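Student: So the chains spell out like this:
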Amino acid sequence: MPANNLIKHQLVIKNLNFSNTIDSLSSSFSLSAQSGDIIGISGTSGVGKSIFLKGLADLIPHQGFVQLNNQVQNDIAPHQWRKQLMLVPAESQWWHDTVQEHFVAIDEQYLSKLNLNKEILAKPIHQLSTGEKQRLSILRALELQPKVLLLDEVSANLDLQNSMQLEQVIVDYVKEQQAIAIWVSHDSHQLERVATKRLNMTLDGLG
Amino acid sequence: MDIIVLKNSDMGIIAIFIALLSFVLYRMKVGYSSEILIAAVRNFIQLIFLAYILQFIFNNDEPWQLLLISIVMLLIAGWEIHLRQEYRLKRRQSLWIGTLSLSITTFFLTWFSLQVVIMPEPWYTPQYAIPMLGILLGNTMNGISLGMNTMTQNIYQQRHIIEQRLMLGQTAQESIRDIRNASIRTGLIPIVNSMAVAGLVSLPGMMTGQILSGTEPMIAVYYQIMIYYLITASSGFSIVISTWQISRSVFDERDRLIISRLSKK
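Protein chains in written order, with the working numbering: chain A, 1 to 207; chain B, 1001 to 1265.
Hints listed in this document are in silico derivations from the structure and should not be mistaken for laboratory results.
None of the values given here were measured: they were computed from a predicted structure.
By construction, the Cβ of each residue, glycine as well, lies at the ideal position given by its N, Cα and C atoms.
Do not take every clue at face value.
Across the chosen pairs, the derived CB separations fall in these ranges [as the list claims (entries may be wrong)]:
#1 I22(A) - A1040(B): 50 to 60 Å
#2 P124(A) - A1040(B): 43 to 53 Å
#3 Q71(A) - E1174(B): 15 to 25 Å
#4 I22(A) - W1123(B): 56 to 66 Å
#5 A156(A) - S1260(B): 20 to 30 Å
#6 L160(A) - Q1173(B): 39 to 49 Å
Turn these sequences into a full structure, and let the hints guide you.
Tutor: What follows is the structure, given as structure tokens:
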């Protein structure tokens, strides 16, 4: 990745909630983070972790206040917002025939850091393993240089070694780009390793 | 050339083969024999009824009657499109989108071909206007049904792909473009195929009818070519319009895919 202009980023979330649209979820979430922060979020399933991330990326209707630097979510075009706050889901989706069509110009260094060789770029999507897809989907997101990474169980299908390599790539990215990561994971050892701050999500919110 | 007139008794003789087919299927327990009989009877009643209406309109030559029957035909075709959708947009939007895109293209092209190409006097002479509108409505209806159905089905099945593309910063229209274009192609396949093989594999129905009733082949062929071109244009443009409308209807004002706007039949 080319060196970014190292502006500090500031993310503010106040009372993000889904009470008008999702009946089963009445909690409301507040959080603030700045450049370099990796906020690890854990919590039992069904508590709304994925929904929270989708709301941040403005992919589902929600209420509340979300602001990145001086821009309020509703004040900028949705696709511009999502380029800055990029969600990487547990299960990635691919629509072209081969891997490389999903990338602009992939940095091969990153491939080797994730234990992938560059032959994988020419591979048809259906030949990829779940773990390969998971690693590639992180690279696909990083290539677009988001300011905030929203990570939803991104290493669920990786063994420990591959998982730790992936963690290192993300941690390095956050450092080098002065980015922010909000990292949802059920793996508390993982959050221990990567998070600068850890929060637990319950039906009462984040704490 | 004299026209050989067919009578009710002739229909009865031909109907024997329908009855025979129905009987065979019944004995084979295929389970489709009553449907065939009912369809054949409906076909007879509907078309005889239509003949009376057309005769009536031809004799009276009142523009409002023509307008009325055109609107009735349009509404039935629009409803038929709606019925054929496996996934429908909420609040009857599929019905509106189908009927609207159908009416825009078929009415315009019928009007245009009457005014500029066929030029009967007056241009709305029912003997020309009704068959032209009818054949355009029927064929365009098939195209729209197929295009819209493919589109909504693919949106539902590929909803995770659409969302993934949104996550990566694509606009709503970018995220759905591939699906829309594939649906347009699918909707156009039948008509383009039939245009391409016309005269080689099949004799087109309209031309066959004209020739059987005494029109010279060359005259009939020119009418047939015109109809093919009109059907293709009409289907194509209405498929483009209707799929475009669907691609806008499934997103909200913040480019969010609201999949609950599609409900299964």
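Student: Taking the hints in turn, state whether each one holds.
Tutor: Here is how each hint holds up against the structure:
1. I22(A) - A1040(B): 50 to 60 Å: Given about 53 Å between the Cβ atoms, the range holds.
2. P124(A) - A1040(B): 43 to 53 Å: holds (50 Å)
3. Q71(A) - E1174(B): 15 to 25 Å: Given range 15 to 25 Å: holds, Cβ gap about 21 Å.
4. I22(A) - W1123(B): 56 to 66 Å: Given range 56 to 66 Å: holds, Cβ gap about 57 Å.
5. A156(A) - S1260(B): 20 to 30 Å: holds (27 Å)
6. L160(A) - Q1173(B): 39 to 49 Å: The hint (39 to 49 Å, Cβ to Cβ) holds, given that L160(A) and Q1173(B) are roughly 42 Å apart.
Comparing the model with each numbered hint stated earlier shows that all of them hold.
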